[in-house]
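Model the full assembly from the supplied sequences, consistent with the hints where possible.
Number of protein chains: 2
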Amino acid sequence: MRSPAQNAQLALLLEVTGTPKPGNVDRTHEYDELRFEQFVAGAVSAMGGLRLAQNGGAVGRSFERSVVGMANQSGGNTQFGALLLVVPLVCTTARDTTRKLTPERVTETVTSTTVEDAVDFYRAFEHVQVAVADPPDDLDALDVRRGAAAESAIRARERTLYDIMALSVPGDLVAREWTTGFEDAFRVADSLAELSGPVADRAATTYLELLAERPDSFVETKHDEETAIDVMERAQAASNGEIDPEQLADELISAGINPGATADIIAAGLYIALERGLSV
Amino acid sequence: MRSPAQNAQLALLLEVTGTPKPGNVDRTHEYDELRFEQFVAGAVSAMGGLRLAQNGGAVGRSFERSVVGMANQSGGNTQFGALLLVVPLVCTTARDTTRKLTPERVTETVTSTTVEDAVDFYRAFEHVQVAVADPPDDLDALDVRRGAAAESAIRARERTLYDIMALSVPGDLVAREWTTGFEDAFRVADSLAELSGPVADRAATTYLELLAERPDSFVETKHDEETAIDVMERAQAASNGEIDPEQLADELISAGINPGATADIIAAGLYIALERGLSV
Numbered sequence: 001m002r003s004p005a006q007n008a009q010l011a012l013l014l015e016v017t018g019t020p021k022p023g024n025v026d027r028t029h030e031y032d033e034l035r036f037e038q039f040v041a042g043a044v045s046a047m048g049g050l051r052l053a054q055n056g057g058a059v060g061r062s063f064e065r066s067v068v069g070m071a072n073q074s075g076g077n078t079q080f081g082a083l084l085l086v087v088p089l090v091c092t093t094a095r096d097t098t099r100k101l102t103p104e105r106v107t108e109t110v111t112s113t114t115v116e117d118a119v120d121f122y123r124a125f126e127h128v129q130v131a132v133a134d135p136p137d138d139l140d141a142l143d144v145r146r147g148a149a150a151e152s153a154i155r156a157r158e159r160t161l162y163d164i165m166a167l168s169v170p171g172d173l174v175a176r177e178w179t180t181g182f183e184d185a186f187r188v189a190d191s192l193a194e195l196s197g198p199v200a201d202r203a204a205t206t207y208l209e210l211l212a213e214r215p216d217s218f219v220e221t222k223h224d225e226e227t228a229i230d231v232m233e234r235a236q237a238a239s240n241g242e243i244d245p246e247q248l249a250d251e252l253i254s255a256g257i258n259p260g261a262t263a264d265i266i267a268a269g270l271y272i273a274l275e276r277g278l279s280v
Numbered sequence: 001m002r003s004p005a006q007n008a009q010l011a012l013l014l015e016v017t018g019t020p021k022p023g024n025v026d027r028t029h030e031y032d033e034l035r036f037e038q039f040v041a042g043a044v045s046a047m048g049g050l051r052l053a054q055n056g057g058a059v060g061r062s063f064e065r066s067v068v069g070m071a072n073q074s075g076g077n078t079q080f081g082a083l084l085l086v087v088p089l090v091c092t093t094a095r096d097t098t099r100k101l102t103p104e105r106v107t108e109t110v111t112s113t114t115v116e117d118a119v120d121f122y123r124a125f126e127h128v129q130v131a132v133a134d135p136p137d138d139l140d141a142l143d144v145r146r147g148a149a150a151e152s153a154i155r156a157r158e159r160t161l162y163d164i165m166a167l168s169v170p171g172d173l174v175a176r177e178w179t180t181g182f183e184d185a186f187r188v189a190d191s192l193a194e195l196s197g198p199v200a201d202r203a204a205t206t207y208l209e210l211l212a213e214r215p216d217s218f219v220e221t222k223h224d225e226e227t228a229i230d231v232m233e234r235a236q237a238a239s240n241g242e243i244d245p246e247q248l249a250d251e252l253i254s255a256g257i258n259p260g261a262t263a264d265i266i267a268a269g270l271y272i273a274l275e276r277g278l279s280v
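Here the protein sequences come in this chain order: E and W.
Here my numbering is used: position 258 in the first sequence is 258, and no number is missing along the way.
Here my numbering is used: position 72 in the second sequence is 72, and no number is missing along the way.
Don't take each hint at face value.
As the list claims (entries may be wrong) - Below 25 Å or equal to it, Euclidean Cα-Cα: the simulated SDA-like pairs (lysine to any residue) are:
#, chain 1, residue 1, chain 2, residue 2
1, E, K100, W, S74
2, E, K100, W, N72
3, W, K222, W, G171
Please keep in mind that the hints were generated in silico from the structure rather than gathered at the bench.
Nothing here was measured: the structure is a model prediction, and the numbers come from that model.
Structure follows, in structure tokens:
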């Protein structure tokens, strides 16, 4: 039986294994400067932080340690967003001997994060370059790109990590998971369990369905709203069989458009599904 | 910095990532009943045994624990042979604070294995179906397929794990590594360091070169000598550019011919190269 941390590591690996996942690195698509093997190395080295989460570590600290490990490869940011979802899930699993994951229990985990968790979250940005949106003017002091330098602002305003995440909704689908009881991740887990065939193929199918549902916030941040809507519409066409998902994958990779938030939620859904007994 | 156990896990994952590795599962080739994702799951769950090796565990026990973990997926044998090489390498790394790997030090590790190591090695066969050659008649009592039942014969004859491996040479290239200071694995590590580009691509190139050098013993065991020689000659043609390695991969996969011993040695070479600082 795999431990929660091992299931988390396997979720990260299965996420990047599923192909085609248009726009994102998968086992048959990669960018010159961001390769499949770097995601693999990221998942290997994130284990220290994942084990900390499993052993009762705080969400922020476990996340920060995971990111430090993940960054131990030459590709840069591989699984920052995925870890931001998977780590609180592992913490939730660890808090209950039955290992049962429910939206309510995950919400309990994230809403009980503290100012210290927020400080550790900001520290994580020191280790890796992450594309993030500009904050509103009045929140400039809390811009995550300030990294550890934002610490005094966080402490002065007494912001918990949950508060920080709530501030990022609706512009960030990963943050939205924190405020909705990981709604999409649990839906992904259900879909993974209902489908048949290799788990990585199920992950790719579910990814395309999710991408077709709403604009990916990471695409919106890195490019613009129009691009994100266009990707969603193309994903709908691919989901309906109007265009070949492989063709869409090639197009998006060529254009450098990677719907990272959707991939992050797939990783979280994979973790939940594995914890519920999905067999590989 | 990755720990020795993490480098071992990464080596297993990079080995299966490299493509094309004609005949073996890699990230673009798989068998219906033995898939890429099962190798990934095997590498995730082998970690307990790899950590035991890193923390000073005996070779046999660490190997057996790795195999129990590895078998925690539905594909059966994924990395049995690779672990039989990687585990003594991790044990060697752990015995020296400088983490320096040399043929002499690895030989010291394997020649100092005991009867207990042999017993644990046989126990590993209880957890997974492994294709092995028939032993000579007078060694029937030591047939590894007897699993734990061979224990009394091993104890009566006072065979160490090194003795058992030495008995399997020359019909088994993995066993041959044990008696030659891991000669091929160290050559693979040199080749990996000399090549350029993504590490998984270097692994695929080195695999093809090694396969072209001599008949793969796993192919000989599973099929026959003629098939193994034919595969070697086809690999020579692919190495020289006379045939497309992708075509050879498709041919071998269709025929169910997987040169597993060569892949195992690549995994061992990857571990040595990673320990020497090869960057991903």
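Against the structure, the hints:
1. E:K100 / W:S74: 23 Å, holds
2. E:K100 / W:N72: Judged against 25 Å, a Cα distance of about 21 Å means the pair holds.
3. W:K222 / W:G171: Judged against 25 Å, a Cα distance of about 12 Å means the pair holds.
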